[in-house]
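Asks: All chains should be built: construct the whole structure from the sequences, respecting the hints.
From first to last, the protein sequence lines are chains A and B.
Under this note's numbering, think of the first position of the first sequence as 1, with each following residue one higher.
Under this note's numbering, think of the first position of the second sequence as 1001, with each following residue one higher.
Don't take every hint at face value.
What the hints assert, rightly or not - The calculated DSS-like cross-link candidates involving lysine-lysine, where the alpha carbons are at most 27 Å apart (straight line), are: (1) 1224(B) <-> 129(A); (2) 129(A) <-> 1205(B); (3) 1335(B) <-> 129(A); (4) 129(A) <-> 1212(B); (5) 1351(B) <-> 1073(B); (6) 129(A) <-> 1028(B); (7) 1195(B) <-> 129(A); (8) 1287(B) <-> 1324(B); (9) 1287(B) <-> 129(A); (10) 1028(B) <-> 1124(B); (11) 1102(B) <-> 1073(B); (12) 1293(B) <-> 129(A); (13) 1138(B) <-> 1287(B); (14) 1293(B) <-> 1335(B).
No wet-lab data here; the hints were simulated from the structure.
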Amino acid sequence: MSAREQLAATLACGAVLAAAPWLLSDFLLSLALSCLMYAALAVSWAMFCGPTHYLSLATSAFFGLGAYVTAWSLESLPYGVAVLAGGLIGVAFAALIGAAVLHLRGAYFAVITFGLGELTLHLITYTEKTYFHTAGRIISDAPDNAAIYWTVLVLTLGAVATAILVRASRLGLALRGIGADEERAQTLGVDTRRVKILAFALSAFFPGALGAAMAVRWTYIEPLSVFNPFIGFQTVLMAMLGGAHTLIGPIVSAVFFSLVSEFLRLRFPYVFLLLLGLLLIALILYLPGGLASLLRRRGRADA
Amino acid sequence: MKLGTRIGTALLGALLGALAAPALAQDKPITIGYAIARTGPWSIGAQVTQEPNYIMWAEQVNAAGGLSVGGKKRKIELIGVDDRSNMETVVRSYEKLMASDKVDLVLPPWGTGANFAVMPLAQKHGYPMLSPTATGRKLVAMKNPYFFALLQQPDRMMDALAEFMVARKVRTAAVIHVDELFGLEQFTALEASMKAKGIQILEVKSYPIGVKDLAPVLKAIQAKNPDALIALSYPPDTFLTTGQTKAIGFNPALFYAAVGTAFPFYRDKMTAATVEGVMGLGTWNPKTSAAAKGYFDRHVARWKKEPDRWASAHAWAGLQILQKAVEKAGLDRKKIRDYIAANEFDTIIGKIRFRGSENVSTPGVVSQWQNGEFEVVWPPNLATSPALHPKPRWN
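Replies: Written out as structure tokens, the structure reads:
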């Protein structure tokens, strides 16, 4: 599919999904919300980390920052503006840390991005305590579930569309070049530092905005619950198991794992983590290329 | 890869089938749903204080024929799921229970944050919630008509501590607290109470949640030699403060640590000799009443472990109140709410009446480990043992 066709398909899917609040029960709607959220997180993670082979664990930091933007501003700003602001703060923060640490590679980069999450958590705790004499914030007047769902849907479509455009652009080419051999890309005239910061910052818009969008569901915002490292781990896991170098892989995988883990949690309340673990091991052993490789193999067989 | 494809298809099929299946049929039993942490950081508190009580209560009621509704006994069917210590999962689970499954009643999740998150749903769908592990003036200030907080509010507990200090002529104190809603609210209450009573605060230090070393802070406090060291702490830091205060040989006349001191495994892990004389947040023990003794014995028989001496009893009291309200008001949840709001209840921790969301009956209490039991030592009319003061040196 060309980029144009992919965008058209995304838009068509979006139009269908937009009907969900009228069709689904409260629970199925919130399950759909989770699927969308993780799809957007995984796609935006893979946007930068897929082609460059970086392993970023900063997703929870962006997500938590976004949640705090909502907690701080919802009284004075409309919901939509708070979500946008959450995304922009994510971009700004990513640009800042990207400039500082994107020269690192491999495990060093992973560890430092994880550390940044912790740092942000404690920075916010300290700020809140010292200047506002509080430890948590209450969000009253939350928008209704349909409004949250549509907001998250728009963000998800935005993430997918951005990923399509990046892949088709010179930026995407440069990122793949950096992933293959950074020095060679440099020699060929790619300003690798600028490209990496740009793409890393761009990909951070979505977790920031999603944190801002989702926070209204929890009434009470405290650092420990919004800077949840598991959100970051799960995102990475989903993107990798889906196939981080592909577009469709992270989406399929995010939806698949959101549904499977919810199904296992509700049907096997005591052993679901065990089952989930077994499933992960099976996938890693038998599908090293990610869920996306299933689709591709099938496509080839059909052809 | 045929196999992989087939597995994938089969899984997806099973999944869609399960999701499309109608909610559990509600014929005879009364369905009572809840989400609680069985995994993740919240599970430690939740599995000591809360879920064992839910299960034991349902078993006990069912063994007696069921819950009495309009004079007819109906069995309870508990629907409990793991919330994975995740806020979004808490919300999604209660949306399922209330809006999709339409269970008859719900029981609350564990912890202040999760209760905050469920409160709007409880009001929207009209489910009364009696919460044994949520505390804070901010919760009460929400004025949510369906929410009832069983624990004593911070000011009550801290007033009791300050009164005890005045009675035992404790004149100076150092306070450390965790940077979290709980720590801040407790500290604000304690500071106000100590100021009003003329107790001098020599040092205040706060620390982030998850702190790994408090020795430098404790040594600095030791140098100031206060009569009392008060740690408004969470369980991990309660253990840490106890261990490190002992390790540096700091022996204040009064040593108080907040959450976790009431856990039996605090005594078991630190040893009864070490915790002798340690004070903390507690409310009851097997000696506070015959009903409390009965509860304690049944809990030990069922779980082969002791309930904690603070909020476990509040959890049980909440179930007692719910049971009574259902007997009187039936399964009309609005009527249950009104009945809870308007009446006084007999529970294992004494009489309970609510004003708004607040339990205004249960008094503030100071408890102290003595010979392996968390004795109530203040106020005098509730004490199960006289206080050991000054605290014996670390042993």
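Asks: Indicate, hint by hint, whether the structure satisfies it.
Replies: Consistency of the hints with the structure:
1. 1224(B) <-> 129(A): holds, 25 Å
2. 129(A) <-> 1205(B): Holds: residue 129(A) and residue 1205(B) sit about 12 Å apart, inside 27 Å.
3. 1335(B) <-> 129(A): Roughly 41 Å between the alpha carbons, so the hint for residue 1335(B) and residue 129(A) is violated.
4. 129(A) <-> 1212(B): OK: residue 129(A) and residue 1212(B) at ~20 Å, within 27 Å.
5. 1351(B) <-> 1073(B): This hinted pair holds, its Cα atoms lying about 26 Å apart.
6. 129(A) <-> 1028(B): Between residue 129(A) and residue 1028(B) the Cα gap is close to 51 Å, so the pair fails against 27 Å, i.e. violated.
7. 1195(B) <-> 129(A): Status holds; Cα separation ~21 Å.
8. 1287(B) <-> 1324(B): At roughly 24 Å apart (the allowed maximum being 27 Å), residue 1324(B) and residue 1287(B) satisfy the hint.
9. 1287(B) <-> 129(A): violated, 40 Å
10. 1028(B) <-> 1124(B): Holds, because 26 Å separates the two Cα atoms, which is no more than 27 Å.
11. 1102(B) <-> 1073(B): holds, 20 Å
12. 1293(B) <-> 129(A): The hint is violated at about 42 Å.
13. 1138(B) <-> 1287(B): violated, 33 Å
14. 1293(B) <-> 1335(B): Violated: residue 1293(B) and residue 1335(B) sit about 32 Å apart, past 27 Å.
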